[in-house]
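> Assemble the complex: chain A is given as a structure, and chain B must be docked to it using the hints.
Residue numbers (this note's numbering), protein chains in the order written: chain A, 1 to 108; chain B, 1 to 467.
FYI, nobody ran anything at the bench for these hints, they're computed from the structure. Just so you know, not all the hints are guaranteed correct.
[Unchecked claim] Using 30 Å as the maximum straight-line C-alpha spacing, the simulated BS3-like pairs for lysine-lysine come out as follows:
#1 B:Lys463 x B:Lys149
#2 A:Lys22 x B:Lys458
#3 B:Lys415 x B:Lys458
#4 A:Lys22 x B:Lys149
[What the hints assert, rightly or not] For the chain B half of the interface with chain A, some residues (derived, Cβ under 8 Å), not all of them:
#5 Ser19
#6 Trp21
#7 Gly22
#8 His37
#9 Ser41
#10 Ala42
#11 Asp44
#12 Arg108
#13 Leu130
#14 Arg134
#15 Ser138
#16 Phe156
#17 Arg158
#18 Arg160
#19 Ser161
#20 Asp163
[Said to hold, decoys possible] Pairwise CB distance ranges, derived in the manner of DEER restraints:
#21 A:Thr10 x B:Val434: 17 to 25 Å
#22 A:Val86 x B:Gln62: 52 to 60 Å
#23 A:Ala19 x B:Leu446: 47 to 55 Å
#24 A:Gly90 x B:Gly119: 36 to 44 Å
#25 B:Asp6 x A:Thr10: 27 to 35 Å
#26 A:Pro16 x B:Glu442: 54 to 62 Å
#27 A:Gly90 x B:Gln62: 22 to 30 Å
#28 A:Glu77 x B:Gly119: 20 to 28 Å
#29 B:Gly122 x A:Leu94: 31 to 39 Å
#30 B:Glu61 x A:Ser67: 35 to 43 Å
#31 A:Gly88 x B:Ile162: 54 to 62 Å
#32 B:Gln45 x A:Gly90: 38 to 46 Å
Remember, it's a predicted structure, so these values are computed and weren't measured experimentally. No residue lacks a Cβ here, since even glycine has one placed at the ideal position from N, Cα and C.
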Amino acid sequence: MTFADSRSDTVPVQLPNGAIVKFEVTQTGREDVSFDPKQFQPVADAIEGVVQMIATPIQKVKPKKASVKFGMELAIESGQLTAVIVKGSGKANLEITLEWERSSQVEP
Amino acid sequence: MSQLEDLLQQCTVKVALRSSWGTGFFVSPGLILTCAHVVKSAGDQPIPVWWQQTELQATVEQSIEPYDLALLRVALPADANPACVYLDEDIRSRDPLYLFGYPDEGDRQGEPRTFNCDGVTGSGAILFNLGQVRPGMSGSALLNQRTGKVCGMVKFTRDRSIDLGGGAIPTRVVLEQLPQLRDLQPAFHQHDRRWLHCLERTIALAPAPLTSDQPLSSSDLEANPMPPANAIFISYRRSDSHDVTGRIYDRLSEHFGRDVVFKDVHSIPFGVDFRTHLNQGVGNCLVLVAVIGPSWLSVQDGDGKRRLDNPDDWVRAEIETALTREIPVIPLLVSGARLPKVAELPEPLKPLAYHNAAQARPDPDFHRDLDRLIRRLEEIVGSPVSSGNLNQVANAQSMEVQESVKPKQLSSSRKGFYERQITQIEEELATVEVDLASAPRELDRLRLEKVAENLLKKLDELKSKLV
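Here chain A stands alone, though its shape is the one from the complex (with noise of 0.2 Å):
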């Protein structure tokens, strides 16, 4: 359950690139209490996935024009930063929208 003015914590988090940034998280809970910068590979690892999930759909009919939008929000779970697919946009820490065309020049 989560209300509109839910508590939330911020984490720092390492990018590939060793630079650190501060993430917004919601939801924590259980957790080993070292103090360390998560890692950011687990959310891009979902982001892939998630997109290449919605991608093989819409290849598949080959709509002439298509667009997907979703929202993500980070949290920490067993540890670990981790995606949470959330409804609308208002608390999402990303938003990701994809879009198809298929271009007429192409098509034979």
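Here is chain B on its own, set in the frame of chain A:
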């Protein structure tokens, strides 16, 4: 408890890797315990450890990942002498817990937290609540403030943002997985008494005992004093009053209980030195009843000398011991004997002539006389809680006396508790004095003197409670 908290801080280190950190604590000189997940990213690299604003280098000596335990070996500078925690398995629900760790928010020099113990989970972890566990606190020693010892090591939080508490690896698991600590721990604490000093100080100053292993209710303490074991010592001359003393003993032990009344042959364990036992018996009693029969004064030994004039005479030794230690003595005249006159007594026993004597005449007066004696004894040793129907008359009669002259006396269990502490402290004091004589450095001597001073103060405190 704050001294113990201070000491716990001195045992605590910050295990600081390049971009992550946790907490750890000394379990033995040169050995630090922390969580395996704290040092996981270090690999084979040396691990910087901060102790008392000093950076030390540590290496992982042993890492047991399934149990999240890591033992670090640290190189200590020659003058460093870190205290080590006292590990103990005892943990119960609702125990008050305390930790000192290095959270990511707040004071960079470390922060304390207190918790309330929920109990132990199905797989054996300690759960606790009512305190916020922040990242960075992994590997903190969890001090059980009931026992004054460390019952576990913090591992996880239940929510980093609020005071939902967290969980810890219990000391039981630590000792199972790192069995060498079972030997290292006692070896350290035998030699370095800092933790035990704090612990005993805490217990000695506590208004009630910390552990419920010694349940003492307030009523146990003062309201209704129970006669302690061997409180009544019966001294008698076998040839003079053997039979009647047996009757008196039976009557008194029926009223007060067998363990309260001491009469040589009945109470001396077989094989124990008679003399030592008598001395201890007299030394520990609260009142000595000297049974005096018609021949008590005049019995002679084989050489025709009066037994009472021989300093080795048991009866004389017993009474003399009681008089010197200012233990109340009640001369009990039996079989028509009279109280000896001053001139008839050897020098050390002369005060006996001024004591207020009781008597135990033959039947039909015997029981009435004994009731009177019992009332006098109760004034000194306290009255038994329940003593059967036979004694209710006597109790009823003694009510007024008890109410007007109610001795303020410690219960036997409380007394025993203090006495055990006194013995412990005296032993410790002896160790400290030996250390003091051999301490090479002025600093150590000053510290030891301070320790000795504290011990003496505590000893005085305890002794004054016993008076």
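> Each hint should be assessed against the structure and marked as holding or not.
Hint by hint, here is what the structure shows:
no.	hint	verdict
1	B:Lys463 x B:Lys149	26 Å, holds
2	A:Lys22 x B:Lys458	54 Å, violated
3	B:Lys415 x B:Lys458	16 Å, holds
4	A:Lys22 x B:Lys149	39 Å, violated
5	Ser19	6 Å, holds
6	Trp21	5 Å, holds
7	Gly22	4 Å, holds
8	His37	5 Å, holds
9	Ser41	7 Å, holds
10	Ala42	11 Å, violated
11	Asp44	18 Å, violated
12	Arg108	12 Å, violated
13	Leu130	17 Å, violated
14	Arg134	7 Å, holds
15	Ser138	4 Å, holds
16	Phe156	5 Å, holds
17	Arg158	6 Å, holds
18	Arg160	5 Å, holds
19	Ser161	5 Å, holds
20	Asp163	12 Å, violated
21	A:Thr10 x B:Val434: 17 to 25 Å	57 Å, violated
22	A:Val86 x B:Gln62: 52 to 60 Å	44 Å, violated
23	A:Ala19 x B:Leu446: 47 to 55 Å	53 Å, holds
24	A:Gly90 x B:Gly119: 36 to 44 Å	40 Å, holds
25	B:Asp6 x A:Thr10: 27 to 35 Å	33 Å, holds
26	A:Pro16 x B:Glu442: 54 to 62 Å	58 Å, holds
27	A:Gly90 x B:Gln62: 22 to 30 Å	50 Å, violated
28	A:Glu77 x B:Gly119: 20 to 28 Å	25 Å, holds
29	B:Gly122 x A:Leu94: 31 to 39 Å	38 Å, holds
30	B:Glu61 x A:Ser67: 35 to 43 Å	58 Å, violated
31	A:Gly88 x B:Ile162: 54 to 62 Å	26 Å, violated
32	B:Gln45 x A:Gly90: 38 to 46 Å	44 Å, holds
Comparing the model with each numbered hint stated earlier shows that hints 2, 4, 10, 11, 12, 13, 20, 21, 22, 27, 30 and 31 do not hold.
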